[in-house]
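Engineer: Sequence:
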Amino acid sequence: MGTQVNESATFRHTTVLLDEAVEGVLARPDGVYVDGTFGRGGHSRALLARLGPQGRLIGIDRDPEAVAAAAAITDARFSIVHAGFADMADELAALGVHQVDGVLLDLGVSSPQIDNPERGFSFRFDGPLDMRMDTTRGESAADFLARADERDIARVIRDYGEERFAGQIAKAVVARREAGAPLTRTDELRELVARTVKTREPGQDPATRTFQALRIHVNGELDQLDQGLKSALRLLAPGGRLSIISFHSLEDRRVKQFIAAHSKTEVDRRAPFAPPPPLALKALGRVMPSDAEVAANPRSRSAVLRIAERTDAPLK
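Those letters in the sequence shown? Residues 1356 to 1671, by our numbering.
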């Protein structure tokens, strides 16, 4: 797809919270682990460096370019699967794996995806308005904007971008479409939003929230996350770890609430002295990037890492 480039030179990716995420997930050096968002393999390579000889790592990614990049890893303990991490339980079952010792998820878009104009993720470069993580299937952002009604477009931009001008942006998108000029390029969308959004947040392009919203919608990211968390919990062996990096509040809120739902006891007011029910997870903490990491990699500034450990309690 698009122009062939040397990714190592052109689209360099700096893995966020690398050591913290890997140390957080590594419960047993000879265990079985899942890197559910392989990307360009930063976390996978760090995990393999720490795994024992009997350890096993299964990488998962929706992006065909990420799966192709995984071919560079020749370690016999590693394998790659082309799928979304929401489907990890089924994909691992097909490999004969029914229990794992850790699941690592980095929910951010990788730099090669952002920096390649052909992917359409960023308003910093003009390119096709695509935004799909998996370019082999599904509806692009341009396809969605070409068919959806004004109410649906506004809902997506409001709910997934937390954009207060969602209604005005949706109206402008539909007006342009009805005038015979549907949006097909990232520059077109960026310019439309810039004309529509009059109040700008300091240091932020007015298109930021709209691009985030469309990307989340096109890729079903929040549904993927909800299903992925449930799959990971079912797969984790007692003592196994979840290590999850989020980059915006919609994701982090879901991760935080999921861990809390399985690690915090709610007192039953009808039976306040009853013994608490067994809990499936133990929250191990939250980690933020250091000032030095943010200075070296500004994209890490919004990252939040949450770590939890599976108990031996049966799942409800």
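There's no promise every hint is true.
Pair by pair, the computed Cβ-Cβ distance ranges are [as the list claims (entries may be wrong)]: (1) Glu1505 / His1453: 44 to 50 Å; (2) Arg1531 / Ala1448: 43 to 49 Å; (3) Ala1423 / His1453: 27 to 33 Å; (4) Asp1481 / Gln1409: 32 to 38 Å; (5) Arg1506 / Thr1620: 21 to 27 Å; (6) Gly1640 / Glu1494: 21 to 27 Å.
Calculated cross-link-like contacts (lysine-lysine; reagent style BS3-like; alpha-carbon spacing at most 27 Å) [to be verified]: (7) Lys1619 / Lys1553; (8) Lys1611 / Lys1585; (9) Lys1671 / Lys1637; (10) Lys1553 / Lys1585.
Since the hints were derived computationally from the structure, they do not count as laboratory data. Each residue gets a CB set at the ideal place from its N, CA and C atoms; glycine is no exception.
Engineer: For every hint, state whether the structure bears it out.
Structural biologist: Outcome of the hint check:
The given range of 44 to 50 Å is respected by Glu1505 and His1453, whose C-beta atoms sit roughly 47 Å from each other. For the pair Arg1531 and Ala1448, the supplied restraint of 43 to 49 Å holds, since their beta-carbon distance comes to about 46 Å. Between Ala1423 and His1453 the Cβ separation comes to about 28 Å, which falls inside the hinted range of 27 to 33 Å. In this structure, Asp1481 and Gln1409 break the distance hint of 32 to 38 Å, their C-beta atoms being roughly 49 Å apart.
Between Arg1506 and Thr1620, the C-beta spacing of about 41 Å breaks the proposed range 21 to 27 Å. The beta-carbon spacing between Gly1640 and Glu1494, approximately 38 Å, falls outside the hinted interval of 21 to 27 Å. Our distance criterion of 27 Å between C-alpha atoms is broken by Lys1619 and Lys1553, whose separation comes to about 44 Å. Restraint check for Lys1611 and Lys1585: satisfied, since their Cα atoms lie roughly 13 Å apart, inside the 27 Å limit.
Proposed proximity of Lys1671 and Lys1637 is supported: the alpha carbons are some 16 Å apart, at most 27 Å. At most 27 Å may separate the alpha-carbon atoms for a hinted pair to count; Lys1553 and Lys1585 exceed this at roughly 41 Å.
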